[in-house]
Amino acid sequence: MNKLKKPAHVLERTMHIIFLLCGLTAVLFVALTTVFLAISGIPAIHKIGIFKFLFGKVWASTAAEPLYGILPFITSSVYGTLGAIVIGVPIGLLCAIFLAKMSPRGLGGAVRNAVDLLAGIPSVVYGLVGMIIIVPLVREVFNLPDGASLFAAIIVLTVMILPSVISVSETAIRAVPKEYEEASLALGATKTETVFKVTVPAAKSGIASAIVLGIGRAIGEAMAVMMVSGNVANMPKLFGSVRFLTTAVASEMSYSSGLQRQALFSIALVLFIFVMLINGILNLIIKRGERNE
Amino acid sequence: MKKIMTIIAAAALLVTAAGCGGAEGETAENTETVVSTDGSTSMEKVIGYLSEAYMDENSGINVTYNPTGSGSGIQAVSEDRCDIGLSSRDLTDDEAQELDATIIAIDGIAMIVNPENGVSDLSIEQIKSIFTGEITNWSDLGGEDMPIVLIGREAASGTRDGFEAVTGTEGKCAYAQELTSTGDVIQTVAGNPNAIGYASFASINDSVKTLTVEGVEPTAKTIQSGEYKIQRDFIFVTKRNKQLSPAAQDFFNFAVSDDADKLITDAGAVPVKH
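Read top to bottom, the protein sequences are chains A and B.
Residue numbers for the first sequence, in our numbering: 1 to 293.
Residue numbers for the second sequence, in our numbering: 1 to 274.
Everything labelled a hint here was simulated from the structure, so no lab data went into it.
Among the hints, erroneous ones may be present.
What the hints assert, rightly or not - To list a few chain A residues with every Cβ distance to chain B over 12 angstroms, as calculated:
| id | residue |
| --- | --- |
| 1 | Gly-56 |
| 2 | Gly-106 |
| 3 | Ser-123 |
| 4 | Leu-128 |
What the hints assert, rightly or not - BS3-like, lysine-lysine: derived pairs with alpha carbons at most 30 angstroms apart:
| id | chain 1 | residue 1 | chain 2 | residue 2 |
| --- | --- | --- | --- | --- |
| 5 | B | Lys-239 | B | Lys-262 |
| 6 | A | Lys-191 | A | Lys-101 |
| 7 | B | Lys-262 | A | Lys-52 |
| 8 | B | Lys-172 | B | Lys-209 |
| 9 | B | Lys-209 | B | Lys-239 |
| 10 | A | Lys-47 | B | Lys-172 |
| 11 | B | Lys-45 | B | Lys-273 |
| 12 | B | Lys-172 | A | Lys-57 |
| 13 | A | Lys-237 | B | Lys-242 |
| 14 | B | Lys-242 | B | Lys-128 |
| 15 | A | Lys-6 | A | Lys-47 |
| 16 | A | Lys-57 | B | Lys-45 |
| 17 | B | Lys-172 | B | Lys-229 |
| 18 | B | Lys-128 | B | Lys-229 |
| 19 | B | Lys-262 | B | Lys-128 |
| 20 | B | Lys-262 | B | Lys-45 |
| 21 | B | Lys-45 | A | Lys-237 |
| 22 | B | Lys-242 | B | Lys-273 |
Ideal Cβ positions, reconstructed from N, Cα and C, are used throughout, including at glycine.
Modelling step: build the complete structure from the supplied sequences, incorporating the hints.
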């Protein structure tokens, strides 16, 4: 008996170790990235001076006397992300309500397929569409000399965050117990009143995670933004050319050297910290949501 | 148990095989003769085409390229850290005391505007005023009443460097967009009637209008003869009092021979008249 059991036991142990190793890979890569970014990002911040680096308004990395101020990138990234959230979240939320509560079966399926497809489009394609359609359109509609601007980036980012906002808030809205809505309807509230006064408040922690996910997607996007924002290191203006944190790294990495290269790593570190903060907030929201339930 | 043993045996085999592969690679590199080049990032394409073709014909010789910028390349060759320095600017008088410069190709930079634009010729002075932001409307240049939008390249682009050096606008350009490739510049200028940009002469297509500069159209001929002004030389920098290694000398001879002309053209530059 014992002999028969042994191979199965060994296999079980081996598989357990393999699962564990695969599980640890993800942790390992996060740890490696963090350590790498910290090691390569901190020296430049130290050399430039943290205040000059974070709050300097001029980025001239290849000038004879280089200046490394990343305030234009930070503010552009923040404004761009905020803009996309302000426009994208209401649209995404209403779309999620439509999908979860209002849609006739056939149309709902079509909309959901479209949203899924939107999620799968590579960002370079968004950038291309933005560059060829949105940038000229912005120029003509607002009668500007040039359409490549923060505004064009906001529009592209809005479209890009829609899928995650829609699918996460739809799940949250669907998870609201039926009894809540039935009670509201029984008390004589209309369907719209029920949705906005009962369902949405009940799903608020899920919706909040949807927003945070959207922020994460928007702040980390590089390719599409690079193609529509003009990419000049100006302090942000809605209709001016801007450069985001992500595109600052992407556009100079290929030819940088010395302190300039180190400073790019420091920008990546700043971006990494932003994303960690966003993830932290997300975890907090989810935990609080669980506690409330 | 048997299965596991087999897996371990297979893994061990793989490791030894990989080990052998590594050892082989090392010995091959040791017997290879290396010709090292160092310098201008704008010459990347030209040097890439030349070295690839050369290495195809001469196995056993490895031509390396270190993209550090013209200044570093000149310094590297004067300190014997490489065989041939690459520069897209002329040598200074100081540098020319002990270094030799040989022009291997010429880079022509075309000024491009949208096909709808009525302007067809600009002088260097006008280009300078446009890019430094002194002239901001096409009507000042005989065109329609439209704002001028400057489309440029990212800070360390060789084309930008060359353009700003010739027009005397280094660090003073008020760009509306800084794009990361020639293709993007052409695409953007083609899509915006207000735009003006610059791009390497070989990559221009019909979607944009190429301006004549001081009345001269950029062609291989006018660039070679120097009539077209917005151009610069790509040069090989060598030490005057030091013989190149035989392999380096052979590569050098190849780069200045007629055989290299087609490669240089393919790489987007203009060959020198022999």
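Which of the stated hints cannot be reconciled with the structure, identified by number in ascending sequence?
-> Numbers 4, 7, 9, 13, 14, 15, 16, 19, 21, in rising order.
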